[in-house]
Amino acid sequence: EAGVTQFPSHSVIEKGQTVTLRCDPISGHDNLYWYRRVMGKEIKFLLHFVKESKQDESGMPNNRFLAERTGGTYSTLKVQPAELEDSGVYFCASSLSGTGKDNEQFFGPGTRLTVL
Amino acid sequence: GEDVEQSLFLSVREGDSSVINCTYTDSSSTYLYWYKQEPGAGLQLLTYIFSNMDMKQDQRLTVLLNKKDKHLSLRIADTQTGDSAIYFCAETPKYNQGGKLIFGQGTELSVKP
Chain A
1 EAGVTQFPSH SVIEKGQTVT LRCDPISGHD NLYWYRRVMG KEIKFLLHFV
51 KESKQDESGM PNNRFLAERT GGTYSTLKVQ PAELEDSGVY FCASSLSGTG
101 KDNEQFFGPG TRLTVL
Chain X
1 GEDVEQSLFL SVREGDSSVI NCTYTDSSST YLYWYKQEPG AGLQLLTYIF
51 SNMDMKQDQR LTVLLNKKDK HLSLRIADTQ TGDSAIYFCA ETPKYNQGGK
101 LIFGQGTELS VKP
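If you read the protein sequences in the order shown, they are chains A and X.
Residue numbers for the first sequence follow my numbering, beginning at 1 and rising by one.
Residue numbers for the second sequence follow my numbering, beginning at 1 and rising by one.
It is worth saying that the hints were derived from the structure and are not from the lab.
Some clues are possibly wrong.
Below, a sample of chain X positions facing chain A; criterion: calculated Cβ distance under 7 Å [what the hints assert, rightly or not]: (1) P39; (2) G42; (3) L43; (4) L45; (5) G99; (6) K100; (7) F103; (8) G104; (9) Q105.
We treat Cβ as the ideally placed atom computed from N, Cα and C, and that holds for glycine.
Given only the sequences and the hints, what does the whole structure look like? Please build it.
Okay, here's the thing in structure tokens:
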């Protein structure tokens, strides 16, 4: 069974440009999460989808970030326009349930974003 | 509030035990987790403990939870070079029904032969 996949693995863009990150969760997982780790700091929650609906987007830093999950399958996270402080590793995770033991979140390898 | 703290680095010799510590502030946490991240890979769930437990053992891993002090530790017995990685402590606050994880900064474990 395929795990969580993310694309691209690395992205280097200039300040002001747009970047779109993609996450494919494990098939059948309704819950999809985005997290971000800025260099050397903690991994911070960005948002949580249940199927195609945004359950919790309290961690989204500002309106330059737009996440979608059309059809409740894969998700995209667009940053427009990108700023220097957006650099970091963006992780996606999926789980069967949002609570209890079935909330084990399976993580993708991350997308390393560098904004110059 | 939600805050999870870990020391950033730990270096041990192969065969020794490693102890990675974590403190958290949210006393309502239901589950506490240890994740491992190897270079170039995603986070892998190592183990978790429910908040009504004090200890959980799984092969070389022992998790200790001190709820009074809000302190969680992960002990790795007979540490091997393959255990070199970043270890993240995480919690799921009770009020949060969506399951978002609150992570610490990660402890980079270096195992020297």
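Comparing the hints with the structure gives:
no. : hint : result
1   : P39  : 11 Å, violated
2   : G42  : 4 Å, holds
3   : L43  : 4 Å, holds
4   : L45  : 6 Å, holds
5   : G99  : 4 Å, holds
6   : K100 : 4 Å, holds
7   : F103 : 4 Å, holds
8   : G104 : 6 Å, holds
9   : Q105 : 5 Å, holds
Checked against the numbered hints given earlier, this structure breaks only hint 1.
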